[in-house]
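Asker: Next come the chains, spelled out residue by residue.
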Amino acid sequence: MNASGADGPADDFVISIAWFGESDKPPREALLASPSRAATIAADPLVEVATITRTEFDAAVAAIRSRGTELRDGQSAMDLDGYAAVVDDGGAVHHAALGFDAATAGHLEAIAAALEPDHRGPVDAVLDQVRALVGG
Amino acid sequence: MRIYDDQFARNPRLRPASRAPLDDRVIGSGRASQPPSADALDPAAVMNLQRLAGNAAVTELLTADGARPGAGSRREEQVGAPQPKLNLGAFSFDNPARAYGALPDKSATEREEESDQNVEVGTFAARSQGLRIVAEANGAFESTDYPDGFKFTQTIDTNAPLHGADAPYVDPHPNDDMKPFYWTDVEQRMYPTTFKDHPSRNPPTGTAVTYWQATLALNGVDEASKSVTGFDYITYGFLIDAAGNVKLNYPQQVDGENHRQTLKNEWSSWTFT
Numbered sequence: 001m002n003a004s005g006a007d008g009p010a011d012d013f014v015i016s017i018a019w020f021g022e023s024d025k026p027p028r029e030a031l032l033a034s035p036s037r038a039a040t041i042a043a044d045p046l047v048e049v050a051t052i053t054r055t056e057f058d059a060a061v062a063a064i065r066s067r068g069t070e071l072r073d074g075q076s077a078m079d080l081d082g083y084a085a086v087v088d089d090g091g092a093v094h095h096a097a098l099g100f101d102a103a104t105a106g107h108l109e110a111i112a113a114a115l116e117p118d119h120r121g122p123v124d125a126v127l128d129q130v131r132a133l134v135g136g
Numbered sequence: 137m138r139i140y141d142d143q144f145a146r147n148p149r150l151r152p153a154s155r156a157p158l159d160d161r162v163i164g165s166g167r168a169s170q171p172p173s174a175d176a177l178d179p180a181a182v183m184n185l186q187r188l189a190g191n192a193a194v195t196e197l198l199t200a201d202g203a204r205p206g207a208g209s210r211r212e213e214q215v216g217a218p219q220p221k222l223n224l225g226a227f228s229f230d231n232p233a234r235a236y237g238a239l240p241d242k243s244a245t246e247r248e249e250e251s252d253q254n255v256e257v258g259t260f261a262a263r264s265q266g267l268r269i270v271a272e273a274n275g276a277f278e279s280t281d282y283p284d285g286f287k288f289t290q291t292i293d294t295n296a297p298l299h300g301a302d303a304p305y306v307d308p309h310p311n312d313d314m315k316p317f318y319w320t321d322v323e324q325r326m327y328p329t330t331f332k333d334h335p336s337r338n339p340p341t342g343t344a345v346t347y348w349q350a351t352l353a354l355n356g357v358d359e360a361s362k363s364v365t366g367f368d369y370i371t372y373g374f375l376i377d378a379a380g381n382v383k384l385n386y387p388q389q390v391d392g393e394n395h396r397q398t399l400k401n402e403w404s405s406w407t408f409t
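Chains B and P, in that order, are what the protein sequence lines are.
The opening position of the first sequence corresponds to residue 1 in my numbering, with each subsequent residue numbered one higher.
The opening position of the second sequence corresponds to residue 137 in my numbering, with each subsequent residue numbered one higher.
In short, the hints are calculated from the structure, not lab data.
Possibly wrong hints are sitting among the right ones.
Distance condition first, Cα-Cα at most 16 Å in a straight line; then the derived EDC-like pairs of lysine to aspartate or glutamate [unchecked claim]:
1) B/25 x P/313
2) P/315 x P/359
3) P/362 x P/284
4) P/362 x P/313
5) B/25 x P/323
6) P/315 x P/358
7) B/25 x B/81
8) B/25 x B/44
9) B/25 x P/312
Work the whole structure out from these sequences, hints included.
Answerer: Structure below.
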């Protein structure tokens, strides 16, 4: 069993860190994907993708848990009005609400720290936007 | 979730009754969706829409036959110099599980060689309670007058502004760089001729209706002199009521005067003509 609680295939996972709520210009989104998933993601100016290993994936999920945020079954509600990390491990989907306040930056920093330095760019891009809006 | 939404979208019998009229719209067919009730509209919202989009646009919103894509264009035929224009690739309820073809041209008077361009919708994340728009810059050209090429600006008027904005305001708010354009420089390099947006608002409480109305412009840009020359302007938007019903305000061309004024108000060191 993996860190997300699912027995997903070794190379079929993705963590999406995105805004769920009202928006004008869409906020930035981070995708931390396995190589097979990353290969299917279409280019989008507002979506940054990092291809990560299973070890990084498990570490990122553990980082989410370590912040006291609960991983719930299924997708996040669209009217959350906050950021959420959606963990898809071989089709088993869970989400953790990351909020939209100073603590959100702490959650994102923890996730970024779980990744190899070269793979932190997408999370850092979201982090920059969060800090600009709410500080932290 | 996407599958659930798609099942409802495709099968009217599965839809909640309150949402059925709006989901019935067939994109590109010219068949109008049901308009919101005029009684449900905040008079201030109606006035704002009239100021933004004109009386005709508001009338169209409130009448069942007024929501034709591309209707009401007042753009006159241009001759002579190249005229970059906005070409709408997709304008639809935002459901990533559905794909739409190109809409009819925004103006029946456009030259044939500038028509019938398609933009493929490429959506990754599900969105709801709003709309999705993809527009393509047509006819952009290289010119010493616009050494930085052509860029998009967008302004928003809404009775539900976000992040402390005072409507109307420049999108994005707060700004994500030091320039008035929709895309940052990095984003612009990825999408030099394409505009994409999928704004949303939560359903309002009570009987009020939330409106969201944008004006999108295609501009020739000289950043050294901070001059922005508008070539084409469209306005589009949506209304959402307490039940979550969305009424689209289909794109139509405008003169851009209010758009330029909003830009001037926030970017006084730049020139917008």
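Asker: Now look at each hint and say whether the structure bears it out.
Answerer: Hint-by-hint comparison with the structure:
no., hint, in the structure
1, B/25 x P/313, "holds, 13 Å"
2, P/315 x P/359, "holds, 9 Å"
3, P/362 x P/284, "holds, 10 Å"
4, P/362 x P/313, "holds, 15 Å"
5, B/25 x P/323, "holds, 12 Å"
6, P/315 x P/358, "holds, 12 Å"
7, B/25 x B/81, "holds, 15 Å"
8, B/25 x B/44, "holds, 13 Å"
9, B/25 x P/312, "holds, 10 Å"
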